[in-house]
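Heads up: the protein sequence lines correspond to chains W and F, in order. Count along the first sequence starting at 1, add 2, and that's the number in the numbering used here. Count along the second sequence starting at 1, add 2, and that's the number in the numbering used here.
One thing to keep in mind: the hints can contain errors.
In silico SDA-like pairs for lysine to any residue, Cα to Cα no more than 25 angstroms straight-line [unchecked claim]:
no., chain 1, residue 1, chain 2, residue 2
1, W, 391, F, 216
2, W, 391, F, 146
3, W, 391, F, 225
4, F, 146, W, 543
5, W, 391, F, 238
6, W, 543, F, 222
7, F, 146, W, 390
8, F, 180, F, 251
9, F, 218, F, 95
10, F, 60, W, 548
11, W, 391, F, 144
12, W, 391, F, 23
13, F, 13, W, 401
14, W, 391, F, 79
15, W, 391, F, 100
16, W, 543, F, 76
17, F, 146, W, 304
18, W, 543, F, 78
19, F, 60, W, 303
20, W, 12, F, 144
21, F, 218, W, 547
22, F, 218, W, 548
23, F, 146, W, 303
24, W, 391, W, 304
Quick look at which bits of chain F chain W covers, simulated, 3 or more residues with Cβ under 8 angstroms [claimed, not checked]:
no., stretch
25, 53-61
26, 65-79
27, 106-113
28, 132-143
Everything labelled a hint here was simulated from the structure, so no lab data went into it. No residue lacks a Cβ here, since even glycine has one placed at the ideal position from N, Cα and C.
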Amino acid sequence: MTGNWFHIAKAEFKVQTRGVKPIRTLIVLAAYLPGIAWALIIAPFVMAFIVSEILGISQSVAAIVMPGMIRAGVMFIWLILLILPLSNALKEVRAGQWEILLSNNVTTREILVGSFAGKLAIYGLYVLYLAPILVAPFAQALEVSYLGQGLMYITVFVITATTIWLSQLLVTAIQARLGASPRGKDLANALAIVLGAVAIIPFVGLQLFAPLMSEILGMNVFLLFPFTWGADMVSQLAMIFNGIGLSLSGLETVLGFPIVSNFMLLGIFSATVLILGLLSADRLFTIGAGARTESVTIIQSENLVLRGVRRLSRGSFGVLLVTGLKDFGRKAQNLSRLALLMILTLVVPIFIYIRAGEFDLTSVNIMMSLMLGFLGVQVFGGSGFLESKDQLWTIQSAPYGAERYVRAKAIQSLVLIIPVVFLPAILYTILLSLELIQVIFLVATSFMSCAGGALVGIGIAANNPTYEDTKSGAYRTNNVRGMGLVVVSFMWYLIADMVLTMLGHGALMNIIWESQTLSILAQVIPLPFVGLAAILVGSYKLSNRE
Amino acid sequence: MEVDNQSIITKGLTKSFGSVKAVDGLNLSVPVGTRFALLGPNGAGKTTTVQMLSGLMKPTRGSASVCGYDIISQKNAVKAITGLLPETPGLYSKLSAVEFLEFIGALNRLHGDVLNRRIDTLLSILGLEGRQNDMLESYSSGMKQKVLIASTLIHEPMVVFLDEPTSRLDPSASVLVKELILALAEETNTSFFICTHMTSFAEDICDVIGILNEGKLVTVGPPDVVVDAAGARGLEEAYLKIVGRKVDREALLAWR
Chain W
3 MTGNWFHIAK AEFKVQTRGV KPIRTLIVLA AYLPGIAWAL IIAPFVMAFI
53 VSEILGISQS VAAIVMPGMI RAGVMFIWLI LLILPLSNAL KEVRAGQWEI
103 LLSNNVTTRE ILVGSFAGKL AIYGLYVLYL APILVAPFAQ ALEVSYLGQG
153 LMYITVFVIT ATTIWLSQLL VTAIQARLGA SPRGKDLANA LAIVLGAVAI
203 IPFVGLQLFA PLMSEILGMN VFLLFPFTWG ADMVSQLAMI FNGIGLSLSG
253 LETVLGFPIV SNFMLLGIFS ATVLILGLLS ADRLFTIGAG ARTESVTIIQ
303 SENLVLRGVR RLSRGSFGVL LVTGLKDFGR KAQNLSRLAL LMILTLVVPI
353 FIYIRAGEFD LTSVNIMMSL MLGFLGVQVF GGSGFLESKD QLWTIQSAPY
403 GAERYVRAKA IQSLVLIIPV VFLPAILYTI LLSLELIQVI FLVATSFMSC
453 AGGALVGIGI AANNPTYEDT KSGAYRTNNV RGMGLVVVSF MWYLIADMVL
503 TMLGHGALMN IIWESQTLSI LAQVIPLPFV GLAAILVGSY KLSNRE
Chain F
3 MEVDNQSIIT KGLTKSFGSV KAVDGLNLSV PVGTRFALLG PNGAGKTTTV
53 QMLSGLMKPT RGSASVCGYD IISQKNAVKA ITGLLPETPG LYSKLSAVEF
103 LEFIGALNRL HGDVLNRRID TLLSILGLEG RQNDMLESYS SGMKQKVLIA
153 STLIHEPMVV FLDEPTSRLD PSASVLVKEL ILALAEETNT SFFICTHMTS
203 FAEDICDVIG ILNEGKLVTV GPPDVVVDAA GARGLEEAYL KIVGRKVDRE
253 ALLAWR
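Looking at chain F on its own, in the form it has when it is part of the complex (with noise of 0.2 angstroms):
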């Protein structure tokens, strides 16, 4: 399926809405079995690259492929090997996780003992097995994120986008997550593409990192050349320097 061994390709890649450009001629190449990590401040177009990658919304211009699929096109072939974590919750608070999870199987055709199984063991993993039947709207922000990456892995997609994936989750959770992400790109070369703030977290498990700013791709290579490069001692600091962002204390206290 893969064009070249790669999982994802972009050429040119546009997205606007109205005379604002949100991702503007984005050019990507992902390998199969890599974990690549968008980096970005709020609003430089993260989300909204998922989105087209995952066949949610249509480019403006240019074109990209996911595992050989045509995004334009092959919208539904996309979707049946993607997985999304959206950044919000968009649970339904009157079923239980196994409830959810039973739907999102069903929405991808899953169902019987495989799809029992498959939650099972997933709630089982991240340690939910306990409150498997309580209805979502009693979980905390933490559990449902759990539940929604368990959706996210249920129909056991080549390619998983995850969006701000630990961004509720308490310090145990997070590394469970990592290890989760790390067994299965080894274990299964299933490709991840994360978008997310946490420096550290990209550092940790991510062999590519891009950083993006206000729509384009301004970096992208492993984490340690993007920091070698950056003249930085460490990705928060690489990241910081690429962006432009510089935190001015007296202009912090200026309001007082």
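Excised from the complex, chain W in its bound form (with noise of 0.2 angstroms):
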């Protein structure tokens, strides 16, 4: 390996720290210090501050839960850094830069060493900063020595590089795989969505099944995962170095490996995927020109249901709903946005089911509705509103021709919506034995949730074209914009209660809070109106000259 990896790494650390562009080696080397002090001296302090004086936990009671919280932690941390820096990488196939790099004699290996060096800086910094909040409690609490609390922040950083490597040599394996052709990019932008999911899980889970979460966490099974090995490395330093006589042997028993193990193990594991990761680069993957996911697709004859709409909608905008339907229909990150809403439309009342033991209807309609319309502000809103400016321009330069195009994009989303609300409908009926009138209670303000929650998103969008850039500040301020939204339209009734009770029609509102029906209609009719409102306004901002 020639020194291109250096360069690569330095190019990577710029890009992490352009914000700080002038003097960034500076900026970054000066964080390091009172990153130090933060993780010895100032977090130990104010974490024990918090946790004796504030919540009150006694030094006997941290030992105790220390080991699950610390489990708990760093399997956090592994998630963030495993799979959020994967999808985040997934979504924007470097192919242009690829291109200039191979130009330049540049390896696959280097390409994924050097991207994992120009990282480990700041990710570094990170783990100076924030782990402090994980460890630094416990440190004081069972008064660790400094040696001490310096072997448990590196081990820490040791599982942190350990990911961060795992997590580099996947981006680049999967990238290579997929090649750099409009249909990888799109195929990595749906694995992008699908892994963004896998992450959000987990919390989903911990949030609504905390005690057996932590009965999981503490179970042997999650001895087979290297979090645990290095998250039970930490707990065991901690008492090795303890200052208040605690012994380690105990701990071991509960834990059921002992350090040695955890060491060995989580070294190993290190350097497999260290060398697997230099191993395989160039031999079982190579970043270069190639087919690939290349192909050409040719287009067979229309569906029953592209058809049933053209019959519908005989005329231009018929033509136009189609064709709508079909590019959205065609994209994979498009269908795995569809996909991840139905599973969470599924999902969520089962859980509420199984956390309550029974399904309480305004819970679960509320939440869902809630959901729902987040979720229709992302599917339909988010990236996927026009690919670039140029098709803009092609849109405009039709008479009324954005106009049009919003009209019919809110359509489609109408119509994509039925399916997503309609089929976890008929799940709930049979796995929740629900009564008919239920259903379609559930299904109708599902399906207003979502449909206000894809028209704001488009109008949005359609205010403040985002093209394809997930990454672009549009984009960001966007999301913003339509969540909030969303919550200020379910919020309303707040509002309206605070203004009728100071009008003195406060008996106006208790007439809808005793009706559960009412009650439910109020917090989730306003969304669609709201909606309308942005696709008008998007609609006529559109269609604006420059």
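With the hints as a guide, dock the two chains, each given alone in a separate frame, to form the complex.
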């Protein structure tokens, strides 16, 4: 391996530190000094104050909860570092960059090592500042010596570095396999969405099943996971270097493996992942020009749904609807977003049912509606509204083109939402033995919320198109605006309640609250209207000239 | 529709982006059926001019009409009788050529047999009939350009704006596009307003040439008149003289 990896690492480091451009190296190096002070002096003091004075947790209790908490914390770090960078990296297959690198005789291994090394300095800083939040309360409670604390942080750093390496290895391998075709980019985006969901699910699970999860984390099956070995090593180091006279033997019985085994397992795992990466790059996968996902897809005849839409809307608007549906349905990333929408629609009420032990229509309805509103914004507004500025010009160059395009997008979203809402409803009916009237009500409110969210998303995207750039400021702003509008639409009743009470008409709202149906409808109905308003504003803005 | 048989008239047309004047007081008349080429270096304001004339961009000052329709107050009427080929392709990657043309036709309120017949004919003329049902993501950039040219013509516009129409085409496809432009202009009185860097293309098919430099129209007239006025042997030399770009061989190698 020549020195090319170093130049790639430098470029990656510059990308990571673009916010502090002029004196980036100095700033990053300088940030390590307060980081060390924070980890060894400030964080233990602050966290100890919070744990003992505010939360009132004693040293003995801290020692008991420490292993479970550290396992959960390290699992969190592991998932965040493994899946989120993977998901983000897949969103932008760097085809253009590869061509430049490859034309300069760079190997896949150099790309892998350089990208990893470039990230390390910044991720090291994250560890230095964030790990003390997890480690310091126990270090302080157990009066762990500085040497012990240092070793605990080094262990967390090793786990972090191994995870980043593994994540980088997977990203490079997947990108090399997918290749630099439009189809590859689409597949990568779809995979990114699925991986994002994989990262979210454990947190949803943690929230809903906190006691159950703690129990699972304590079970021996978790000894199979590398994050457990690292987490247990941190707990064991705290115990070895504790200053209050606790012994390690009791802890080892609870955790399963002695510290030497954990050290060896973590070491072997890290070394294996490192060697595997170095050996497999350029052998098992190679970044380079090639067909891979590049393929010619020949369009066959239209399916039943599209033919039905054509029959229902026979004019040119029907053609717009059909082509829009085709374009949406052929993108893997759109389908994975829709699938996610359907899965969450199905899973969340069942989670609530399991947790509460009964099916409470109000809470399920409100939670599902709010979530479907958010997802409507994400799926139909997000990045799939327009591919490029040139596409916008093509649409704008037709008379009333922008207005008709937005209208067609809105109707497309309503067509696509129907199966998303209906299929889970059929499953609820079977799994939860719902009455027909409950199912109809649930479907109606779910549809209203999802459609409202979709209209909000489309309206906002039309107002401020983001094209396909999920990293842009416009994309983030649109998401925040969309989510904000959904929340405000659901909260309007609180404002109405306050205003009516102030005007002396509080009894009016009481009538609504006394009826379960009315109270649900009061929260769900505003969103579609907000969506319609967003569509009107967006359509007007999109047809406006620069 | 035309005012005194003019398809495009601009009077002091200006567009500023902050302190930068992209187009500065453009005065122009393009008669019906003319093939007009707007030449100029990168950043001269050619694309901005086309975007204003096709109703996509509001001028900062001045006025213009296309086939008698005011570009400010009658933008939708302007769009209905014009076709625009943007500089870079804005295609839908997941649609086939037929589906994309159906989409553009529908945006222009075409549907049914009329639309299908036009799609078939245009794809056949442009030599895409064998690949018409392939997804556009698998097309080469030249093939994409052909689809875009078809999309520009599908609603039979009276004025066609083409921004670098042959930049991605092979020589035989370029000749085809040239012939298509000539045939449409001669047989149907369609006016063409073409932005290009390719002086040979402009010289071959355009009857009037305008050179835009730093937002200002510095010369306009038939190609031979422009060449003679500049005291040059061909349009490329005339262009370089007018725009004032000289190639200094010594400076070119100074970086070594």
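Return the numbers of the hints above that this structure violates; sort them in rising order. 3, 4, 5, 6, 8, 9, 19, 20 and 24
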